[in-house]
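Student: Sequence:
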Amino acid sequence: KDPYAAGNELKACVRDWAQLVEEGHKNIAKDWGVKAMPVIERLRRSLGDIVEGMQHIQHKAEYLGYGLCAKTPEKIPEKWSITLFSEELIRGGGCSFVLS
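The C-terminal position of the sequence shown is numbered 1179 in this note's numbering, with every residue numbered one higher than the one before it.
FYI, nobody ran anything at the bench for these hints, they're computed from the structure. The model shown is predicted, which means the values in this text are computed figures rather than measured ones. Treat the hints loosely; a few may be bogus.
[What the hints assert, rightly or not] Across the chosen pairs, the derived CB separations fall in these ranges:
#1 Asp1095 with Arg1170: 55 to 65 Å
#2 Thr1162 with Val1113: 22 to 32 Å
#3 Gly1146 with Asn1106: 32 to 42 Å
#4 Glu1101 with Leu1163: 17 to 27 Å
#5 Leu1163 with Gly1127: 15 to 25 Å
[Claimed, not checked] Lysine-lysine pairs mimicking DSS-like chemistry, simulated, CA-CA at most 27 Å apart:
#6 Lys1114 with Lys1090
#7 Lys1105 with Lys1090
#8 Lys1139 with Lys1114
Just so you know, even glycine gets a beta-carbon here, dropped at the ideal spot from N, CA and C.
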């Protein structure tokens, strides 16, 4: 899967949603809900793909985190930082290719 496809789809959904909201402010038509449901379904799928991608790299992120020995200055393992490592990679965007 293209790692950027879910993000691009999410951007397209937000754009389509904004357009629907603008139409709704001007004039709520009877078919507004019919138009909104496919956008909501696309949003759901897109967010699901993003979560699936995070879950896919989590075990690799944990392996790398333990390998790098993420520890406090007192040499205590910081398990919370290892657990959140994949989330931070996705937020940062730049290094996610290392784990994919």
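Student: Decide, hint by hint, whether the structure agrees.
Tutor: Results for each hint:
1. At roughly 24 Å, the beta carbons of Asp1095 and Arg1170 sit outside the given window of 55 to 65 Å.
2. Restraint check, Thr1162 to Val1113: a C-beta distance of roughly 42 Å breaks the suggested window 22 to 32 Å.
3. The hinted range of 32 to 42 Å is not satisfied by Gly1146 and Asn1106, whose Cβ atoms lie roughly 58 Å apart.
4. The hinted range of 17 to 27 Å is not satisfied by Glu1101 and Leu1163, whose Cβ atoms lie roughly 36 Å apart.
5. At roughly 20 Å, the beta-carbon separation of Leu1163 and Gly1127 lies within the given 15 to 25 Å, and the hint holds.
6. In summary, the hint linking Lys1114 to Lys1090 is supported, as the alpha carbons are separated by about 17 Å, within the 27 Å threshold.
7. Between the alpha carbons of Lys1105 and Lys1090 the distance comes to roughly 23 Å, so the proposed pair stays at or under 27 Å and holds.
8. For the proposed pair Lys1139 and Lys1114, the alpha carbon gap of about 40 Å is over 27 Å, so the pair is violated.
Checked against the numbered hints above, the structure breaks hints 1, 2, 3, 4 and 8 and satisfies the rest.
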